[in-house]
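Starting from the known structure of chain A, fit chain B onto it as the hints suggest.
Protein chains: 2
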Amino acid sequence: MKEIKSIAVLASRFAMLPGVGRKTALRYAHAVIDMSEQEVDAFCDALRDVKNSVRLCSVCGNYTDGEVCDLCASRPSKQVCVVAYPKDVAAIEKTGAFDGVYHVLHGTLSPMNNRTPDDLNIKSLMARLDGTDEVIVATNPDVEGEATAVYLARLIKPLGIKVTRIAQGISMGSELEYADSVTLSQALDRRTSL
Amino acid sequence: MKEIKSIAVLASRFAMLPGVGRKTALRYAHAVIDMSEQEVDAFCDALRDVKNSVRLCSVCGNYTDGEVCDLCASRPSKQVCVVAYPKDVAAIEKTGAFDGVYHVLHGTLSPMNNRTPDDLNIKSLMARLDGTDEVIVATNPDVEGEATAVYLARLIKPLGIKVTRIAQGISMGSELEYADSVTLSQALDRRTSL
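Residue numbers (the working numbering), protein chains in the order written: chain A, 1 to 194; chain B, 1 to 194.
Keep in mind the hints are simulated off the structure, nothing from the lab. Take these hints with a grain of salt, some might be off.
Identical chains share a label here; the pair holds if one copy fits it or two copies do between them.
[Claimed, not checked] 25 Å max Cα-Cα, derived PhoX-like pairs, lysine-lysine:
| id | residue 1 | residue 2 |
| --- | --- | --- |
| 1 | LYS87 | LYS51 |
| 2 | LYS78 | LYS157 |
| 3 | LYS5 | LYS87 |
| 4 | LYS23 | LYS94 |
| 5 | LYS5 | LYS94 |
| 6 | LYS162 | LYS78 |
| 7 | LYS162 | LYS123 |
| 8 | LYS78 | LYS94 |
The following block holds chain A by itself, in its conformation from the complex (with noise of 0.2 Å):
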């Protein structure tokens, strides 16, 4: 049977969504005919919209729609909160645990993957610490997020800023986004000095 064209090109466009395979794809591709022309041209609108109006944020990296996130205008950075991605941030912030301000690495240090501290947002991290107190390192507990920890803390410890880590709560190996929030937010009060 042959395939139509147009269908499998959506197809493989929703594929590279994560965690899309082909078959999931094809399901998306399907239901995506079955909506009307005006739905199609709004989820297009949507698409660019996100690509136009979201930037990162000058000061955390975090995503924005302004020129600094609001969270970096409205809060006391005397805590900041290390995270690899924006998402991390989205699932600390859901837990209430924490009122300080993030900054968002955009990665974590990866040999394996060529990912050096000068391909993660760390130059705009180390440019905000003033008055800073205390950097809470909150990347994934596995060897990447520790790696990343380490270095964080031989940087930032000479300036007399406490260093400090999510504890080891959350079971090694799995990912930020998925513990729930007591886990989360038990990690965050048992931090541990670097």
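Same frame as chain A, but now just chain B:
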């Protein structure tokens, strides 16, 4: 934390796809932010292209980008296999066990959901049955699928055309112990000679 509106809007669009919940939709939206502008444009084009180029075959109701689909144009119509949705055609084609033509109803009879025969692609089925020996009803083996099969049999058998139903029983690789009792009793009722 204030949500960024354009991200929330895009996520709500993704959540319209089958099987996509709030969390997955947000994950997809974040992935779009990380795409290049070219990729987002290509995504949009693919969405619009599917909506513009894909229509329903005037004979069988399956998806096509022409007037009549490849299967209707190239295969003998002695046997017509009736299915509920286009994805079912793909599933049967993958087996390679059928070389006749299909007819897609775009749904099944469902008094609960107010779907009557007029809402299904039945008129064009009746119009194509000249020269057909057998109609195989391959709707799902659930209440709605069964009701649709019985309805079609009553409609088509008076025309002197054989109407059959795909076999129901224990599926390959499953275990008797875990089969539900309806399936198991039907498998016993419909036992075949060895």
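Please write out, lowest number first, the hints stated earlier that are contradicted by the structure. none
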